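Chains A and B supply the protein sequences, listed in that same order.
Taking numbering that gives the first Met the number 0, the leading residue of the first sequence gets 0, the next gets one more, and so forth.
Taking numbering that gives the first Met the number 0, the leading residue of the second sequence gets 0, the next gets one more, and so forth.
To be clear, the hints were calculated from the coordinates, so they are not data collected in a lab.
Here the structure is a predicted model, which means the values were calculated and not measured.
A few of these clues could be false.
As the list claims (entries may be wrong) - Here are some of the chain A residues that sit facing chain B, going by a computed Cβ distance under 10 Å: (1) GLY51; (2) GLU52; (3) MET239.
For every residue, glycine included, the Cβ atom is placed at its ideal position computed from N, Cα and C.
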Amino acid sequence: MQVVKNIYKPVTADILEVIDETPTIKTFVVRPRQPIGFQAGEFMEVTVPGVGEAPFTPSSSPNVKETIDFTIMKVGRVTEAIHRMRKGDTVGVRGPLGKGYPLDAWKGKEICIVGGGVGGAPLRALFLALTERLDDFKKILYCYGARTPKDIVYKKQIMEEWPKIDPKKVEIRLTVDEGDETWKGNVGVVTTVVRDLGLDLASSVAVVCGPPIMMKFATFKLLELGYPESSIYLSMEKNMSCGVGKCGHCMLGEYMVCQDGPVLTYDLIKDKPGIWD
Amino acid sequence: METHYVSEADFIKLLSWLENRGDLYVASREDDQVSIKPFGEVGEFTYPGVRAYQPLKPLFFSLLEEVAEYPTEEEALREIKPFSILGAASCDIRAIEALDHVFLEGQFKDPFYEERRRKSLIIGFDCTEPLETCFCVIMGNNPYPEKNFDLNLSKIEGGYVVEVGSEKGKEVVEANKEIFKPATENHLSQRDAIRSSVKATVEKQSKEFKPSGAWREILAKAFDDSAWARNVETCVECAACLFICPTCQCFLLYDERAGDRYKRLRMWDACAYKNFAKVAGGANPRPHLVERFRHRYYHKLDYFPKNYGFEACTGCGRCIVACPGKIDMRKVLKEVCKS
Ligand SMILES: Cc1cc2nc3c(=O)[nH]c(=O)nc-3n(C[C@H](O)[C@H](O)[C@H](O)COP(=O)(O)OP(=O)(O)OC[C@H]3O[C@@H](n4cnc5c(N)ncnc54)[C@H](O)[C@@H]3O)c2cc1C
Ligand code: SF4
Ligand code: FES
């Protein structure tokens, strides 16, 4: 469907709450002044007034209509400016943009989610979307790795709430690169918990999101375990400006990642130059 | 398509009609260079014979423009006055076709481009004096427009054969019925003879650069060719080839304070720049100049055809003229074809 409107103009959104997740990651709960729905995996351009925009994937459940959460790591100009914002400030939101996860096509399947760092943001939206209609799926395995225990996003949810959702169908595996005195779980990069999945690969899909290097090794690990290339869904993080398929910044081979993705299966992009960079 | 004949004397009447329609830009010949100018600055129309030195792109997609103001409630977009372009070469019409795909297709239409396209009237012409750098014929195009124009002029003895290519073009004919005369067999055979002779000229000078097959198939095997590195040596990263390109679409959005509000601006950008695709973590899919150089060729001749079915290089040769490093796209591709 063609949308006839100014595709470059953001909708004003009020920041209702700012949650410190880790020393460098905060979650911003915002309420857009015009309703903006989204599907898990679709992203939005968030504007800091006068500073500029950057792309972020909502981390809240798509079933929550009033508010949207963005979980944002401080890495540069726009993200530093966002991190200085407080409850009551306003941002701009433009979207939803791109194609998210094809949940309907996954009905009846087992889903293996592999994430790292701030990649946990889109994956939380996905996890919530899946578990809020758990009858549709056979099993959900959520593997997540962080640098240290302090760097785990949504710690309370992941460690206390999620494992209780339905222990027969939902399994959570956590790992950290470096433990500390409080950490009793696995130590090692996320691929070390991506094994003995207990899933039927033929009727399973895998989803990967995280820093480029993690995406690369997680993908190779999943291939090694026997996942077909077309069953591995990657959330590609490319430089973006317009988010609407015009500006050329996000190209990966012939794909405009902002429109054809950001979620793309590995078979489509495995040979594209610069896939992991 | 319907064709007519307009004599040179009658054509002057059409010019004043076009001036009344809105803004009128003409491709005008001065010495041996053709440029696009507001008709008011030139005052007359001389058949251009070949493409203008600047592309038509800025008339539809500005180098720099405001695309949004926020926070505001209203959605109103700037209205644009109707305008006509008299003198679009075949390659430039092809370029607009390429930009139409980019800006008007997919889930989102660019409202600024769309408004300009809606308000524009494009009058093409057959090339009669191709430049030495013209290579449209090896990019699947002819030196005379065959589609995607509103009207097209072919210069013949004493006047023009005018072909109608759209509803908008038809309206021009309707409104100026008295000057559009039937095109005779003789008119058409004159036109066709000129067309084949100009085509033969461009074919002759392009012969050595003619690809052995489809560009996509050639590039599919050429990614690691040493020709890319050899040819990028004199590139100074000025991006002139990209800014002068009639089909380059890349841009950057940036925001500024404007009184108690903010505005969003859109400025042309270029994939030749090092940080064009760099992401925050420092990862960069094309950190080396040669990769960015090659990306341009792949975008035009592989990625674009995969998405839209034809090359986004029109063969206009502007990048050859603009390059301070004397990089000639035809020669680069010839080397790539050879190996
Ligand atoms: C589809 C998508 C979803 C994302 N979701 C999240 C998320 O949920 N949480 C999160 O913390 N981060 C996310 N990112 C990454 C986030 O967009 C970048 O961290 C952010 O753009 C950095 O901007 P900056 O101005 O702070 O950094 P700078 O390094 O100062 O960036 C300068 C400019 O480069 C561009 N840029 C730099 N890095 C990136 C990048 N990685 N992606 C796109 N453009 C970039 C931007 O245009 C930016 O304005 C996502 C990226 C994409 C493409
Ligand atoms: S490239 Fe072809 S169409 Fe363009 S100006 Fe040259 S001869 Fe004319
Ligand atoms: S971000 Fe502009 S084309 Fe994808």
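In ascending order, which of the hints set out earlier in this document are inconsistent with the structure? Violated: none.
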